[in-house]
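Protein sequence lines, in the order shown, are assigned to chains B and L.
Each residue of the first sequence is one higher than the one before, counting from 1 in the working numbering.
Each residue of the second sequence is one higher than the one before, counting from 1 in the working numbering.
Just so you know, these hints were derived from the structure itself, not from any lab.
Even glycine gets a Cβ: it sits at the ideal position worked out from N, Cα and C.
Any given hint could turn out to be false.
Here are some of the chain B residues that sit facing chain L, going by a computed Cβ distance under 10 Å [stated by the list, open to error]: (1) 253; (2) 349; (3) 358; (4) 424.
Derived pair list, reagent style DSBU-like, types lysine-lysine, alpha-carbon separation capped at 35 Å [said to hold, decoys possible]: (5) 343(B) x 142(L); (6) 417(L) x 417(B); (7) 278(L) x 417(L); (8) 278(L) x 400(L); (9) 417(L) x 365(L); (10) 142(L) x 342(B); (11) 417(B) x 440(B); (12) 342(L) x 142(B); (13) 278(L) x 142(B); (14) 440(L) x 365(L); (15) 417(L) x 400(L); (16) 343(B) x 365(B); (17) 365(B) x 342(B); (18) 278(B) x 400(B).
There are 2 protein chains.
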Amino acid sequence: MPLPGIEDGRRRAIIERMEPLIDGGRFPIKRTLGESVVVEADLFADGHDLLAGTIQYRREEEPDWRETPLAPLANDRWRGSFSVDRLGRYRFRIAAWVDHFLTWRHDLARRETPEDITVALVIGGALVEAAAQRAGNDDALKLRTWAARLRGDAPLALRRATGLNPELEALMRRYPDRRLENHSEQVGDVVVDRPLARFGAWYEFFPRSCSAPSGHGTLHDCEARLAYVAEMGFDIVYLPPIHPIGQTHRKGRNNSLTAETNDPGSPWAIGSAEGGHKSVHPLLGSLEEFRHFLAAAEARGLEVAIDIAFQCAPDHPYVGEHPEWFLHRPDGSVQYAENPPKKYEDIYPFHFEAEAWEPLWLELKSVIDFWIEQGVTIFRVDNPHTKPFPFWEWLINAVKSEHPEVLFLAEAFSRPKIMYRLAKLGFSQSYTYFTWRNTKWEIEHYMAELTRGRVREFFRPNFWPNTPDILPEYLQYGGRAAFMNRLVLAATLSASYGVYGPAFELLEGRAREPGSEEYLDSEKYQVRDWNLERPDSLREFITRVNRIRRENPALQHDWNLRFHPADNPELLCYSKWSDEPANLLLVVVNLDPHHTQSGWVDLPLDDLGIDSTHPFQAHDLLTGSRHLWHGSHNYVQVDPARSPAHIFRLRRRIRTEHDFEYFF
Amino acid sequence: MPLPGIEDGRRRAIIERMEPLIDGGRFPIKRTLGESVVVEADLFADGHDLLAGTIQYRREEEPDWRETPLAPLANDRWRGSFSVDRLGRYRFRIAAWVDHFLTWRHDLARRETPEDITVALVIGGALVEAAAQRAGNDDALKLRTWAARLRGDAPLALRRATGLNPELEALMRRYPDRRLENHSEQVGDVVVDRPLARFGAWYEFFPRSCSAPSGHGTLHDCEARLAYVAEMGFDIVYLPPIHPIGQTHRKGRNNSLTAETNDPGSPWAIGSAEGGHKSVHPLLGSLEEFRHFLAAAEARGLEVAIDIAFQCAPDHPYVGEHPEWFLHRPDGSVQYAENPPKKYEDIYPFHFEAEAWEPLWLELKSVIDFWIEQGVTIFRVDNPHTKPFPFWEWLINAVKSEHPEVLFLAEAFSRPKIMYRLAKLGFSQSYTYFTWRNTKWEIEHYMAELTRGRVREFFRPNFWPNTPDILPEYLQYGGRAAFMNRLVLAATLSASYGVYGPAFELLEGRAREPGSEEYLDSEKYQVRDWNLERPDSLREFITRVNRIRRENPALQHDWNLRFHPADNPELLCYSKWSDEPANLLLVVVNLDPHHTQSGWVDLPLDDLGIDSTHPFQAHDLLTGSRHLWHGSHNYVQVDPARSPAHIFRLRRRIRTEHDFEYFF
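Here chain B stands alone, though its shape is the one from the complex:
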């Protein structure tokens, strides 16, 4: 008697609202190696029967689920967790079932009459006997012994106590009757990345400026620059495109329409007769020299990220070889990039609606594959929001299925939903609006969105105070203190951050014109001569901040951020903590780069694990100064001329088992 659509109507356990799931499981959540995935769901069934449930999880390529139990919280919510210890993709779902033994045990404890208890013990004996058959190992014998004791001749009270014995419950929980178990309707996916996807400091520089004033820098010159970057404590060196640059419609200095003979052009105008996306600009060097540069970086403990800008200069070989990948105008010319009235004649976008979209996708993937072969594993992707989302989803998944160590940073300064979509579909990290968030209200609300909201499961922020495209007004007008407090904010609010240097450490704040965020004499269009040894350089300060980041695990995560009240709107106050090892930092930033600001901050001592009956030490890791604080209400004063921020390590009294007290 078939009931259409009903597999087995006796499966009574219901699983709802499993989390974390992105769009019902359509997209994966993200983790890094060693992190855990906390899974929750509503589990319930009809009637009074008790349930049991597990998380089932496996690496994508494994055939069998591993399991870890779920435990009830309150209001029919259950929780469990599992750790991810391999790169790649994991899957998880929930299994739940009505557990007749647990129900029987629960009821047995409440039965009152000898008749009821007697019948119940017979039923319980059968349940335990059935478990013995499922066990089929050494435990089977144990279970049969338990069953015999339930059904035996001992006094009723004793047999009842046997039924309630926790050892029996523990054993029975290992052999539940799961014939009628249900599975969550959704399956969740987890992409597991290297820790560098979560925690790292980026340093961007233009290779061609590395030998100024003597001319166009080479990769060999860049190798010499690596020590400078590594000593500041950065983890990743990111280079703008290193490919040949087009001549046709080449832009001149300050984005002028006509280039002078020696103007090098924008590195994002990729491609010339000398090659395209798989070539190195001849003035920078050869492919072999690039590989040498990679090795030199690795020797310094630095990784290299290169720029992926999927667009062509008019001279790019693709334009002639694959006209079908470009949109042609009625006059036969190739459609250049435009956003009327703005025109970018030096850039031809790919025409992703072309009939030949599949060969185009495969060719673009071959670009990534090519650089992976050279040894690159981090790609900063230029303007991903101007190429179709399905393309990126396919590309990133295809690359990461072969190279799970590869990371992609999305340079999309676009609308919120577009930025989040890119993160969902696979980008490992994303540029953010931090670049323009300056006030306390702005920062607190944006950080709540990033670290408390649902987006945190897939959107990993990477905070940049500046980029070659963006010199924020705050830096234009705030002077040295502005650079310092933006650095502290980026480096302590977000586990991943980056600066575009040497413009940053050399306090470059001159815009092309008032109201513009473009740099004057932008390196995008010319070689710049930076004096790295300038006494006002932030090099030392950056070194200190990066060292603090490395030494304090609390700064290596995003979700542990917590803001605290300060009675001065220019003072931003927040803490980050980690458990293992125990580490508690309190950051106070003066958002006003011009004036000393002071005020009282309020700390929730209990939540922070601080004994409110004793003083505790606030040790400023930036200046080395130490303050003895007491209670939740403490005074701070921040002079931007000296140091526009405190990064306090809070050293607390700990009571050990031997009653010995110490600060850590």
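Based on these hints, arrange chain L on the given structure of chain B.
The following block gives chain L in isolation, referenced to the frame of chain B:
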């Protein structure tokens, strides 16, 4: 060159977060005839191109989608709506596409050089020509004319103006190029019910008490009771089970374990030698008399709801005929209902984990089908949370696919997630926690959950101040005013409400014992003799409240509820409004049944459409008194001895086009 899993990579439109969807579309939302479904989603694409999108919807059995446009709100959110005008099931999804004409038009307005405009007009001409081919009707000629004008010899400015002509845009919007459109990954379902599913007043009574003191009431006696119920303004008469009642382990008065000879037993102990779920209790009458009762109710404008309690007395014919549907204990006896230490020996639950679950499901459906054949279309389902959720989902969907007019009310006073699951899977209405929500905080928060939260899309509340199982303490100790204010709350907070009478209108407040919510001398176990003509009966008051509900469309919906501040915690103040026809009610309830309470209420006059520069009238529909109010801050005083609530109709100044002013 196949790319696995990619249908067509050129489909660039993204559709996210479509709403309303329950669990990603796993369950339907609910509407009643004539209501609209407002659909929202995030729509966006890569780059700068403009999008267009539509809601596609159809009745489940229709092959083709109908369409209605989506319009952008802000932040990439789009909205549209469609109306449902037939019972049954609708489906909806979203279609969206990158619209090259709209993009072209947007860009044309911003182009600056004659060269750019000239090329653009050629491109635009081709776009319009292509639309003409798609149109293939009278509009094709029109479009070709437009295309010719774009490409013609007229001055450039004129041709550009042609391209920007709104008439052309309107015409082009009718023939978009949708070859690369995308559809939402989810499809939403809508169950469309009769308006009675949204708005109706229920009256429950025990048929066997209808002829007291002369003996066991009959269906014939019940017919005489219908006038009384109809005159009070109720819409639905709900009868507890009308089937034969078992003898074995029959419960006596006040739930005593042994019944006296004349004790009638609980109507929920269904089944005896005289029949089961498809039989009428012989003392009530015959099946033919039941059909006569239905007709008599219909003649009074009343619908009849019967009780579905899927459980059996030990004497039920099923027990002998289908032992496979019951759980047998080791001693051979059938397992009775129990929740240790509580035992219900007079009730055998069905064993839904039986091997023979399919025949059982089909038999239970045949019970519903049987009563539908007799003319019943509303079923109040007893304790649905003690039968498997998959069973109800199958049953309700199966019944409603054949009889979309049928309604099911879930009597589940259980945990929140269980109640919501039952509503999701198909129950048309649900009992609620209203029965125990007495304080201002409790009521405001519960109503926010029901009328503002996501549950409102599937959970239709039905508010009961009392039931045969529940005499809340508030009614036990609050006296007449308590009954009155609970009635006003139920009838005005919720479009659907019900009372168990005559216990309610006769102010029955005696509990079996202190601390119990069971009625003393409960009708569940004995015939009661109610004096309907008692002078303190609430009959008149109920009549007035039900008339107010019928005359004021604002009270016929749930989502229009809005609470307003009152500076006295015992005063609950809320408004409901409707647009067509214009109707604005303000309810002020004194939650304290013992003392006069007074205070100031604050109304958001602008939001309520009240001209704050003129007085407005607050007309108490309960007492007939009229107050002239002015401004947002007004004084109220509520004496529970007189009337524990105001139901004000607010009559506002309206300025017409001829500057004539009136109150409505």
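Checklist entry - Going through the earlier hints one by one, which of them does the structure break, listed in rising order? => result 1, 13, 14
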